[in-house]
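Using the hints, put the two standalone chains together into the complex.
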Amino acid sequence: MLSNDTILPYREMRNDYTRIQDFLDDDSFVRWVLTGRDDSRWRRFLAAYPQQAERLQRAQTLVLEIQKNEKADLPPLNQRMVWAKISANLHDPEASIQESRVFKPGRYAAWQWAVGFALMLGMSWYTWRTLPSGPITYRELSDSIREQNELIEKVNEQAAPLRINLEDGSVVTLDKNSKLMYPRRFGSKNRNVILVGEAFFEVSRDSERPFYIYANEVVTKVLGTSFRIRAFEKEPDVTVQVSTGLVSVYKQRRIDLTDPETDGLVLLPNQEAVISREDENLSRRLVEWPQPILKREFDTLPTRYDEAPASRILRDIETRYGITILFNDDALNRCYLTTTLTEESLYDQLDLICKTIGASYKEVDGQLVVESKGCL
Amino acid sequence: MAIVKNDIELWLAFKDGSERALERLYKRHFPAMSRYGYRVTPDRPLVEDAIQDLFVDLWWRREYLSEVEQVKPYLLRALRNQLLRNARHDIFEEAEDIDDFLDYLSTLSAEQHSITQETQLSRTQSIQNALANLSHRQREAVHLRFYQGLTLDEAAEVMGIQKQVVKNLLSKSYAVLRVTLKALISLIPVLF
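Protein chains in written order, with this note's numbering: chain Z, 1 to 376; chain L, 1 to 192.
Chain L with its partners taken away, still in its complex shape (with noise of 0.2 Å):
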């Protein structure tokens, strides 16, 4: 008979150094963790690593791991700041300056819609294409908000930034998605 334990009863066991416990959360989270470690870096060995890291890491400090509420955005929290601790000379480095100016940017320019993409791109391109013409940080904040499912707040604390710069994000790709809508939405049956 299978026991089903929520996260925190098993962030509790593994904290009291039990390692059923911790390799039950990571056969749990493993799998977001690897989409959104790919999502931030589609370096293979580079997010293996940092998953790796993170867990080793994790169970030697698990006693002054303090309780969290939500495990899944804090392990995807301590993935992307592993992620940049093992990257540190690479590529990533720079991709984050560029990523807070144009974060930076778009809290300045929050209301303002990209017209010219509204146009450009046709009615028959499907959602894969319109994600793809989303900047790095907002492919990330949509990933986090939408398939992760985490709260502004949480996308926020992942991300490192503020919550309304999460807006922002997603309220550009709104305007790059809401297109692609249109030609979607004659597809699908009304839902109820």
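Next up, chain Z with everything else stripped away, as it sits in the complex (with noise of 0.2 Å):
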């Protein structure tokens, strides 16, 4: 009687293989039957133990019919559009899936060249003389931003929201219905981008290149930051909601891009500023459904107190959600609660303590105010 170790030398010869499934869940098997690896492997195994013979080979013919009817199932793709779309891709960055319209030099009059150019260089008697009062379209925007020689255009009319990468590392996704309209390569100075509909920015840190984006009369400049746009030309009014970081918003009414900033509002995490287009009007507030700015593996806070006081716990909601709460100190000093926070929205969190020691609150241009008499 041959003993294992004259035929099999490696340690790892094992034969614990009483299903089937054993065989199938080892890595080396299945490699073997698939690609012929470690064929030597698997006739040593066979030679050693031929009571597996069957039990291996019902396990080899399961796979291949697997493997063969994957490989008959051929999804009609077509290889060759595909990279040819790709190929297109790696030069010009994000010609666009949808429409794509790239704007080079020789492609428009004379005059309008002429006219972007004067606006570059800040000629104001442009802005005054030719361009009508009123609402500025997206034809204007678009008309007067041409710092670069090559524009692209990308349109999004599919549902899926189109992610487009910019060439300083930034992202925009634009939803169904929007376009977005930024320079191949952006200038030294600055980054402009127009948008149309609706969009969410991730715009990359660069502190030497203010990122501005141009939509309907709104201008909103950022230096890093992530925050969601919306710009209809249909709707009357325009929204932008931050995420995080700082985004400051202002309006223009005439296209004037070498003197960007006038009256605006800076806005913070989870506050949104929302323009009337037709009068003035730029006002801020809380979005709907504030965020934590803390991601939850960073965020240390407590979510159960015990006697807290209020004060505390305020504070640090403060801090998860980077919104202020205004609040009496001393009052809010001596109210202690045992409450744990959960997973309910801010204002759920509010209602709860407010409502647990009597106090009431209210959102003030972006931030909270709580008001209470105090506790006993």
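Keep in mind that the hints were calculated from the coordinates and are not lab data.
Predicted model, so just to flag it, every value in this text is computed and none were measured.
One or more of the hints may lead you astray.
Unchecked claim - With a cut-off of at most 20 Å between alpha-carbon atoms, the simulated DMTMM-like pairs for lysine to aspartate or glutamate come out as follows: (1) L:Lys163 / Z:Asp26; (2) Z:Lys85 / L:Glu23; (3) L:Lys72 / Z:Asp22; (4) Z:Lys71 / L:Asp43; (5) L:Lys15 / Z:Glu167; (6) L:Lys27 / L:Asp57; (7) Z:Lys221 / Z:Glu167; (8) L:Lys163 / Z:Asp22; (9) Z:Lys189 / Z:Glu208; (10) Z:Lys85 / L:Asp57; (11) Z:Lys176 / L:Glu19; (12) L:Lys163 / Z:Asp25; (13) Z:Lys85 / L:Asp43; (14) Z:Lys362 / Z:Glu307; (15) L:Lys72 / Z:Asp27; (16) L:Lys163 / Z:Asp27; (17) Z:Lys85 / L:Glu19; (18) L:Lys72 / L:Asp57; (19) Z:Lys373 / Z:Glu363.
Structure, rendered in structure tokens:
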């Protein structure tokens, strides 16, 4: 009787395959059936354990049958066409999937170029004399931003959001029925894009080059942050919602790219600005569903409070959401609460706290104010 | 004289800026990617767009990519993520939740085989019909393991789940398929 050691010097020659499944769970076995690799090992296995032959062969047959079946399912994808699209994008970033119009110098009438150039130099005579007053349209905006040789316009007509990678690493996720216009390469002083519709922006940090988004009459200036803008041509308002970072929003009546900042608002996270296009109204408020600005894994604040003063709880909430809560320290230092803050929304948490201590809260200009007569 | 380069060499060359290398990787892995993509969702434009977006994305981010040990599982996982991103508001999202729930159930009842399924399937049913009885996730796991040839760890990485969950998904699939095998085995001669 030959011992196992003689035939199989390798330590890893195991034989605990009691079911077909045990073969199927073995990576080496599957690889052997599909590619022939480890062939000597499995021949040795069978030589050593001939009683496993039938079980092994059943496992093998099953794998081969599945492989055959999956192979037969040839999806009707067009390999060459997809590569053509990929190849086109390896040099010109984001030649669009849907519509794409790449503006090259030769395409436009000379006078439009002169106009654009004049604007660039900040000659205000143009803006006063030639442009009509009233809402600024996309066409006017796009005609006036001609900083680079090539401008790209991406349109999203599909329901699925369209992700656009800009040259500086920023990412714009374009919603349905929206379009974004941007240069292939940004200038050295700033980064300008035009939006019609709705999009979510993740702007990469670049303090040397502020990021400007022109949407209808609203200009949003960003250093590095993520936020959502909604500016449809037919809608009366423009909404800017901030997720993280800082955004400066202001209204610009005339197309004057060299003198941007007029009166505006600075938006903090969880705040949004609503800009009425008709009157000069710029208002700020909290977004409808404020989200914590701390990522779950970095949130070391407690959620369970045991006889803790309300002032401490409110300060923790402030930190978690990045929202300012104003309250009377003295009064709320003496109000004690035992509570657990679960996954409820910010407003639910405030409702709970206020109800418990007999206080009330309201929102003023993007901040929260808690009013209380104190507790006994 | 054609020099055949392996995946790793092509990967490094592509990271270095070789468009040719990227194209060769594309040609080499497109069939596998399209089959897997189609297995995940039979929406043809969605899969094509996802493959396109993925390769363009890889190209522009090539300097920041890590060196991979196995290119194919990497591409399959990247494709899956791209499909998720592109189809964010679509049926995919709902399907994902259901799949997660089913995966969770499978961890609870790993040893429970569906007896009723075994008795209901007739002996003459082909493997194709048998596979059609699997859930979406089971089908995906089976595809990755026995067509793409991924190890259990690699399949887990691609699907974004734990290795044990992959094993459970496969385990349930075997129960369904084993019945079919009884019908096949009598027709297949012993191979060695």
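Hint check results:
With a C-alpha separation of about 13 Å, the suggested pair L:Lys163 and Z:Asp26 falls inside the 20 Å cut-off, and the hint holds. Among the hinted pairs, Z:Lys85 with L:Glu23 is consistent with the structure: their alpha-carbon atoms are about 12 Å apart, no more than 20 Å. With a C-alpha separation of about 25 Å, the suggested pair L:Lys72 and Z:Asp22 falls outside the 20 Å cut-off, and the hint is violated. For the hint pairing Z:Lys71 with L:Asp43, the CA-to-CA distance comes to about 18 Å; that is within 20 Å, so the pair holds.
For the suggested pair L:Lys15 and Z:Glu167, the alpha carbons sit about 18 Å apart, so the restraint of at most 20 Å is met. Annotation: proposed proximity of L:Lys27 to L:Asp57 holds, straight-line Cα distance about 17 Å (limit 20 Å). A hinted pair counts as satisfied when its Cα atoms are at most 20 Å apart, and Z:Lys221 with Z:Glu167 qualifies at roughly 18 Å. The straight-line distance between the Cα atoms of L:Lys163 and Z:Asp22 is roughly 15 Å, inside the 20 Å bound, and the hint therefore holds.
The suggested pairing of Z:Lys189 with Z:Glu208 holds, with an alpha-carbon distance near 7 Å, which does not exceed 20 Å. Distance check on the hinted pair: Z:Lys85 and L:Asp57 sit about 13 Å apart at the alpha-carbon level, within 20 Å; holds. Proximity of Z:Lys176 to L:Glu19 is assessed by CA-CA distance (about 32 Å); at most 20 Å being required, the pair is judged violated. Proposed proximity of L:Lys163 and Z:Asp25 is supported: the alpha carbons are some 11 Å apart, at most 20 Å.
Of the supplied pair hints, the one linking Z:Lys85 and L:Asp43 holds, its CA atoms being roughly 18 Å apart against a limit of 20 Å. Restraint check: the Cα-Cα separation between Z:Lys362 and Z:Glu307 comes to about 25 Å, which exceeds 20 Å; the hinted pair is violated. Restraint check for L:Lys72 and Z:Asp27: satisfied, since their Cα atoms lie roughly 16 Å apart, inside the 20 Å limit. Straight-line distance between C-alpha atoms of L:Lys163 and Z:Asp27 comes to about 12 Å, which keeps the hinted pair within the 20 Å bound.
In summary, the hint linking Z:Lys85 to L:Glu19 is supported, as the alpha carbons are separated by about 14 Å, within the 20 Å threshold. For the proposed pair L:Lys72 and L:Asp57, the alpha carbon gap of about 16 Å is at most 20 Å, so the pair holds. Restraint check: the Cα-Cα separation between Z:Lys373 and Z:Glu363 comes to about 18 Å, which is no more than 20 Å; the hinted pair holds.
Checked against the numbered hints above, the structure violates hints 3, 11 and 14; every other hint is satisfied.
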